[in-house]
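Construct the entire structure; sequences and hints are all you get.
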Amino acid sequence: MEFTGERFILGKAGGGIETEHLHRYHSLLEMSAGKTILDAACGEGFGAALLATKAKSVWGIDISDEAISYAKKNYHRYNLNYKQGSIEKLEFEDNYFDIVVSFETIEHVDELVQEQFLKEVARVLKTDGILVISTPDKYLHSDLPNHINPFHVKEFYFNEFEKYLKRNFENIEFFNQTIDNYGLIVNYDKRLKDNIKLINSGDSDKYGKYIIAVCSNTDIPDKYVLNSLFEKKDELENKTILDGDYLQIYWDNNKEFIEYNSVNAAYKYSNEFQTLGISLPKDTFGRLRVDIGNRPAIIQLKKEMILKDNNGATLQEIKILNTEGIVRLNDEDDSFNFVSMSNDPQIILDYVIQEERENLKIYIDIKVLEFSFDICLDKFKRYFEV
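To get the numbering used here, take the position in the sequence shown, counting from 1, and add 797.
Since the hints were derived computationally from the structure, they do not count as laboratory data.
Heads up, some of the hints might be wrong.
Below, computed lysine to any residue pairings styled on SDA-like, alpha-carbon distance capped at 25 Å [claimed, not checked]: (1) K1158 to Y1066; (2) K851 to A1063; (3) K1079 to Y1043; (4) K1079 to Y1066; (5) K1164 to L1104; (6) K1158 to I1117; (7) K1065 to L1146; (8) K1116 to L1146; (9) K1116 to R1084; (10) K870 to L1166; (11) K1052 to I1117; (12) K1099 to V1060; (13) K869 to R1154.
Right, here's the structure in full:
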């Protein structure tokens, strides 16, 4: 699929465009948890796939057969579906979706389609449903820089956009989006979302080229829900979010497990075992906890791990002390079987690091499949037959 400027394609757009698109979708992840979502005009499908990592289910529609074919080929999840369709007629039942998302869509169609789309969104949303929609600010995006986008049919000034949305929604919170040069200072505990303030900003944070609106006919619980600072990752890391996940090892320093005392390694969803090598710092002490992924999955973990340091390598039997957010099924001869149906599966090992070890590295073998109801039911069936 060729990048023409009309549709965003992950890895093929310029840095600024990619940052803008990714930030919009990432800002929705928290509010998407457990929701049924429609991404209207989903393009090549990355955004819908990202939302599906948190949502109950996601539908992506686009007028372009090429875009939908690309999405179906490149993004697969048990709770994600794509189909060709027009925003003018949303082929879904009334009161079906918790959230409808439509980023950088409305300016690509004429006024008649814009009006019909908003009516359709109001129809398919639940009574307390939310529309999240964005569009360029015509004054800042087009008039001021004397820029003409050949793919835009009808752009909005802010007051026009507000008037347009109020025809169908009683409550609206507006956000502006911009990208700029920012530096980050944060303390070592890595809790980035705590106590960050914007300094030396002047008016730069007040105006952005893009308007994002959160709309509902009931109260919007959090008027600051999209306020966020986004760190752009490289393409490989973005792909890992969709094609795989991270195994994270924690150590408790004989106290408690905290985020600061952890390291991770990326893995791919695969029907083959993968060996993950994870380096631990010299001051690692205490019990170990293994978190495999951040979403539902089918997991196998080999029963032995390798511990390697300056004194050589040893084979260590894995013994499980406790689990949380994950169901242990029948063991294989050489591996544990789990089904995770949570976003935070935890396995606490019955193993304690008791002394400093220079250049300690742990090698763990895992096999992780995306969650599938068919595979899950088969594993539970075999579990209860034993």
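Now the hints, each set against the structure:
1. A distance of roughly 23 Å separates the Cα atoms of K1158 and Y1066; the hinted pair therefore holds under the 25 Å criterion.
2. Pair hint K851 plus A1063 holds up; C-alpha atoms about 18 Å apart against a cutoff of 25 Å.
3. Annotation: proposed proximity of K1079 to Y1043 holds, straight-line Cα distance about 22 Å (limit 25 Å).
4. Proximity of K1079 to Y1066 is assessed by CA-CA distance (about 31 Å); at most 25 Å being required, the pair is judged violated.
5. For the suggested pair K1164 and L1104, the alpha carbons sit about 19 Å apart, so the restraint of at most 25 Å is met.
6. For the suggested pair K1158 and I1117, the alpha carbons sit about 20 Å apart, so the restraint of at most 25 Å is met.
7. The suggested pairing of K1065 with L1146 holds, with an alpha-carbon distance near 23 Å, which does not exceed 25 Å.
8. Taken as a hint, the K1116 and L1146 pair is honoured in the structure, with Cα atoms around 6 Å apart against an allowance of 25 Å.
9. Using a Cα cut-off of 25 Å, the hinted pair K1116 and R1084 holds, with the two alpha carbons roughly 12 Å apart.
10. The hinted pair formed by K870 and L1166 meets the criterion: a straight-line CA distance of about 18 Å does not exceed 25 Å.
11. At roughly 19 Å between alpha-carbon atoms, K1052 and I1117 fall within 25 Å of each other, so this suggested pair holds.
12. Distance hint between K1099 and V1060 is fulfilled; the C-alpha atoms sit about 20 Å from each other, no more than 25 Å.
13. For the given pair, K869 sits about 47 Å from R1154 by alpha-carbon distance, which is inconsistent with the 25 Å threshold.
Comparing the model with each earlier hint shows violations of hints 4 and 13; every other hint is respected.
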